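S.K.: Residue numbers (the working numbering), protein chains in the order written: chain S, 6 to 224; chain W, 1375 to 1594.
Please keep in mind that the hints were generated in silico from the structure rather than gathered at the bench.
Keep in mind that the hints are not guaranteed to be accurate.
Mimicking EDC-like on lysine to aspartate or glutamate, the simulated pairs with C-alpha atoms at most 16 Å apart in a straight line are [claimed, not checked]:
#1 W:1564 - S:97
#2 S:86 - W:1412
#3 S:120 - S:44
#4 W:1505 - S:137
#5 S:213 - S:62
Rough simulated footprint, nothing fancy, chain W against chain S, three-plus residues with beta-carbon under 8 Å [what the hints assert, rightly or not]:
#6 92-100
#7 111-122
In this text the structure is predicted, and so the values were computed from the model without any measurement.
A virtual CB, placed ideally from N, CA and C, is assigned to each residue, including glycine.
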Amino acid sequence: MNNRIVTILFLILILTGCKSTTRIDEYRQGPTSNIEIGDSVVVLGRRHSSGHETEIDFVSCVGNALGGGGSEKSIIVIPEKDFVDAMYPYFETSTAPMDVKNLDHLVQNPAIAQKFAEFNLRFFIWIDGSTETTDKKGSISCAVGPGGGGCFGFATWDDEANYEASIWDFNTLQLAGKISAETQGTSYLPAVIIPVPLLARVQAGACKSMAQQIKSFLQ
Amino acid sequence: MKLQIINLSRVPRLIFIVAFSIMLSACNQSLTMEAETDVPVPLMSKLPLNMAVYYNEQFRNYIYEENSEDRPNWAIKSGASMVELFDQVLPSMFQNIDHVDSINANTNNSFDGLLAPEISEMQFALPNETKSDLYEVWVKYSVKLMDSKGELVADWPLTGYGKSSTEFLKSRDKGLQAAINSAFRDAGAKFALNFNRVPPIRQWLADNPDVCNSVHADIC
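Only chain S is shown next, with the shape it has when bound in the complex:
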């Protein structure tokens, strides 16, 4: 009977415990013409802040989600590293344009303008933000000895993902809009001999939601 109660409680914990919530905000600067077949976008991470840097895997996750699917609605996405390497030294952390108006200055350089044309670039998507652990509770103790080892305890932590995507329209050299994603979630780690992580996929949730919103913004 007791075992059944423990199992039910454990299942409830799995089903409800790792729930994460996402809030998406969209700001559109003005009427934007939709992306056309053959146009491409590049998703880039902002890393100029001293306190945090937008994770490479988050940027590639958004890029993959935008370009994935192989359907007629998928968008051509230039991988961040390919773009930054091809445009070196203009899109490094310390040299990248911080404002859409600076793009106008860049395209006056014929070599840069030609490279943009080769990429058939239509939109720049700049992502700024990070995922952080905001709170930790509980503890787990582990011991290893000649006879074996194991862990016992319970830990929980809250993660928060905050990202903002600024969309620059290369045709008009204007800010097309901004999309922000805020995801919060709690993860649990119960341990009875073996730790069983029940992780809230906060960053993955923010990535998926942001990519969906960007897709609908562009199409």
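Fit chain W to the known structure of chain S by using the hints.
M.R.: Showing chain W alone in chain S's frame:
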């Protein structure tokens, strides 16, 4: 067919020895590594200049060394990577670039100018020192430019900064390597973009008719 018999009673002892070895190696703070660089070819319009570059011995063989309580026996060989960095960037900036073996090699108008980068210092910050999730690297150079008569035109500081985030199972060596490469990229980018913005260099370029008759006429 030969059967292998494993003594199961030895398995926990083996696990204990392996775990103990891992713990001991994790406490080893010494570091010996060779910095690597992965700097792309810059997308630049070349200045119509015939230039020379001189790397002194200290620059070519630079090793960051430290032996303190927190960083015992640290040795990061960076000379070869720094030469590689400038050898990657300079040919994209100038029509012609040759290596010379003396800083005084340009006294008879052989070249329009001679560049001599020198390393001033390197600094490192580890996540446990700054209470952040970042490995950080600063590299500071002093770059000299001599004209066709061997006279000093400019000697300006060039700083590159790079950082790399700590990730799950990312080793200290890999974190530092990524931050060093990022600092080298940053230094190369700043050198390429700011070269003609340094006032004495801009004036030196403006005095050259070949530059004024090229796509870089805006300098003049």
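S.K.: For every hint, state whether the structure bears it out.
M.R.: Each hint tested on the structure:
Restraint check for residue 1564 of chain W and residue 97 of chain S: satisfied, since their Cα atoms lie roughly 9 Å apart, inside the 16 Å limit. Note on residue 86 of chain S and residue 1412 of chain W: the hinted pairing holds, with a Cα-Cα distance of about 12 Å set against a maximum of 16 Å. With a CA separation close to 14 Å, the supplied pair residue 120 of chain S and residue 44 of chain S stays within the 16 Å bound. Between residue 1505 of chain W and residue 137 of chain S, the direct Cα distance comes to roughly 14 Å. Compliance with the 16 Å bound is thereby established for this hinted pair.
A C-alpha spacing of about 13 Å is found between residue 213 of chain S and residue 62 of chain S, which places the hinted pair at or below 16 Å, so the restraint holds. Judged by the Cβ-Cβ criterion of 8 Å, the stretch 92-100 of chain S is covered by chain W as claimed, because 8 of its residues qualify and three suffice. Here's how the stretch 111-122 of chain S fares: 5 of its residues keep a CB closer than 8 Å to some CB of chain W, so the rule of at least three is met and the hint holds.
Checked against the numbered hints above, the structure breaks none of them.
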